[in-house]
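Colleague: Heads up: the sequence lines are chains A and B, in that order.
Numbering-wise (numbering that gives the first Met the number 0), the first sequence opens with residue 0 and increments by one.
Numbering-wise (numbering that gives the first Met the number 0), the second sequence opens with residue 0 and increments by one.
Source of the hints: derived by calculation from the structure; they are not laboratory data.
Among the clues, some could well be false.
[To be verified] With a straight-line Cα cutoff of 30 angstroms, these simulated DSBU-like cross-link-like pairs (lysine-lysine) come out:
no., chain 1, residue 1, chain 2, residue 2
1, B, 119, A, 16
2, A, 29, A, 97
3, A, 29, B, 130
4, A, 29, B, 52
5, B, 67, A, 73
6, A, 6, A, 29
7, B, 3, B, 119
8, A, 73, A, 16
9, B, 46, B, 119
10, A, 29, B, 129
11, B, 119, B, 23
12, B, 129, B, 91
13, B, 67, B, 23
14, A, 65, A, 6
15, A, 97, A, 73
16, B, 67, B, 3
17, A, 97, A, 65
18, A, 66, B, 46
19, A, 16, A, 66
20, A, 65, B, 46
21, A, 66, A, 97
22, B, 91, B, 3
23, B, 119, B, 91
24, A, 66, B, 3
25, A, 66, B, 23
26, B, 129, B, 3
27, A, 16, A, 65
28, B, 130, B, 52
29, B, 23, B, 130
30, B, 91, A, 29
31, B, 119, B, 52
32, A, 65, B, 130
33, B, 23, B, 91
34, A, 16, B, 3
35, A, 97, B, 91
36, A, 6, A, 66
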Amino acid sequence: MDVTIEKHNSYNNIILKGRLDTITSIPFEKQILALIENGEINFLIDCEQLNYISSAGLRVLLLASKKVTPNGGKVVLSALQDHIREVFEISGFTAIFKIFGSHDEAVTFLN
Amino acid sequence: MQIKSTTENLSLVRDFIQETALNKGVHQAIIDKIILAVDEASTNIIKHAYHSKPDGDIIIQLEFTDDKCRIILIDFGEGFNPSQIPQPDMPKYFEQKKVGGLGLHLIRTLMDYVEYHTDKGGYNQLTIAKKIKNTAA
Numbered sequence: 000m001d002v003t004i005e006k007h008n009s010y011n012n013i014i015l016k017g018r019l020d021t022i023t024s025i026p027f028e029k030q031i032l033a034l035i036e037n038g039e040i041n042f043l044i045d046c047e048q049l050n051y052i053s054s055a056g057l058r059v060l061l062l063a064s065k066k067v068t069p070n071g072g073k074v075v076l077s078a079l080q081d082h083i084r085e086v087f088e089i090s091g092f093t094a095i096f097k098i099f100g101s102h103d104e105a106v107t108f109l110n
Numbered sequence: 000m001q002i003k004s005t006t007e008n009l010s011l012v013r014d015f016i017q018e019t020a021l022n023k024g025v026h027q028a029i030i031d032k033i034i035l036a037v038d039e040a041s042t043n044i045i046k047h048a049y050h051s052k053p054d055g056d057i058i059i060q061l062e063f064t065d066d067k068c069r070i071i072l073i074d075f076g077e078g079f080n081p082s083q084i085p086q087p088d089m090p091k092y093f094e095q096k097k098v099g100g101l102g103l104h105l106i107r108t109l110m111d112y113v114e115y116h117t118d119k120g121g122y123n124q125l126t127i128a129k130k131i132k133n134t135a136a
């Protein structure tokens with residue numbers, strides 16, 4: 000699992016590559032919570048290269064969203080692979096997160 | 000297969016299911032769902048039945064019939080009552096402070112059959128099953 004964080008003016012672009020599971024979600028949670036503690040509130044999670052997510056990964060995204068929402072922040076996702084999107088759909092997470100087909104659409108929304 | 004209760008062993012479980020199911024001709028989209036469900040079930044056993052202690056045993060059996068894949072997970076840790084863990088209602092779930100019960104929710108949604116049984120002899124058995132389609136079909 001590789002996590003790349005790019006800071007932009009109005010949001011943080013987080014590129015997830017590989018598997019977000021019980022093990023890899025632990026360091027990812029620390030990373031994103033550290034950013035939130037530093038005052039960051041908007042996150043674009045780029046999922047184009049994410050090929051596995053379990054409830055542990057969903058939980059981190061939910062936690063991040065819960066923390067930034069009261070401060071007017073947003074956690075949005077882009078470019079989910081079909082089988083990842085299916086996990087979001089069956090878990091009901093599509094009702095919680097804004098999901099964009101492409102990175103550019105998500106950027107337009109955040110700007 | 001039998002593993003000790005550590006999250007590091009979850010990748011062994013995934014590989015075991017991937018190889019076995021692929022050899023049986025199960026469609027990859029179905030294998031993905033089975034892997035995720037067993038991953039969630041094993042994680043729950045490690046965290047809740049064994050409280051993250053690494054020396055517990057988990058037995059995982061895979062059985063195939065023409066139209067079904069059945070997975071039996073046995074542990075010797077603390078049991079639970081699944082009926083006390085309700086299906087989360089997502090918009091409400093977001094409002095709740097506690098972020099839990101998601102793994103079981105995924106298992107229930109991914110699989111066609113889920114049964115949990117705590118035996119007085121000191122083991123817990125989770126049986127889950129999924130209808131399968133063969134790649135040849």
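Colleague: All hints, please: hold or fail.
Modeller: Against the structure, the hints:
1. 119(B) x 16(A): It is violated: about 44 angstroms lies between the C-alpha atoms, which goes past 30 angstroms.
2. 29(A) x 97(A): Roughly 23 angstroms between the alpha carbons, so the hint for residue 29(A) and residue 97(A) holds.
3. 29(A) x 130(B): Roughly 38 angstroms separates the two Cα atoms, so the pair is violated.
4. 29(A) x 52(B): Holds, because 22 angstroms separates the two Cα atoms, which is no more than 30 angstroms.
5. 67(B) x 73(A): Not OK: residue 67(B) and residue 73(A) at ~42 angstroms, beyond 30 angstroms, violated.
6. 6(A) x 29(A): 17 angstroms, holds
7. 3(B) x 119(B): The given pair, whose Cα atoms are some 22 angstroms apart, holds under the 30 angstroms limit.
8. 73(A) x 16(A): 21 angstroms, holds
9. 46(B) x 119(B): Roughly 21 angstroms separates the two Cα atoms, so the pair holds.
10. 29(A) x 129(B): 35 angstroms, violated
11. 119(B) x 23(B): Since the Cα atoms of residue 119(B) and residue 23(B) sit roughly 35 angstroms apart, the hinted pair is violated (cutoff 30 angstroms).
12. 129(B) x 91(B): Answer holds: residue 129(B) to residue 91(B) is near 29 angstroms, not above 30 angstroms.
13. 67(B) x 23(B): 11 angstroms, holds
14. 65(A) x 6(A): 21 angstroms, holds
15. 97(A) x 73(A): 9 angstroms, holds
16. 67(B) x 3(B): 27 angstroms, holds
17. 97(A) x 65(A): Cα-Cα ~14 angstroms, so holds.
18. 66(A) x 46(B): 25 angstroms, holds
19. 16(A) x 66(A): 23 angstroms, holds
20. 65(A) x 46(B): Holds: residue 65(A) and residue 46(B) sit about 23 angstroms apart, inside 30 angstroms.
21. 66(A) x 97(A): Holds. Residue 66(A) to residue 97(A) sits at ~16 angstroms (cutoff 30 angstroms).
22. 91(B) x 3(B): 36 angstroms, violated
23. 119(B) x 91(B): Given that 30 angstroms is the threshold and the Cα spacing comes to 36 angstroms, the pair is violated.
24. 66(A) x 3(B): 35 angstroms, violated
25. 66(A) x 23(B): 45 angstroms, violated
26. 129(B) x 3(B): 25 angstroms, holds
27. 16(A) x 65(A): 23 angstroms, holds
28. 130(B) x 52(B): 34 angstroms, violated
29. 23(B) x 130(B): Between residue 23(B) and residue 130(B) the Cα gap is close to 13 angstroms, so the pair holds against 30 angstroms.
30. 91(B) x 29(A): 25 angstroms, holds
31. 119(B) x 52(B): 22 angstroms, holds
32. 65(A) x 130(B): 36 angstroms, violated
33. 23(B) x 91(B): Cα-Cα ~41 angstroms, so violated.
34. 16(A) x 3(B): OK: residue 16(A) and residue 3(B) at ~28 angstroms, within 30 angstroms.
35. 97(A) x 91(B): Holds, at roughly 17 angstroms.
36. 6(A) x 66(A): 19 angstroms, holds
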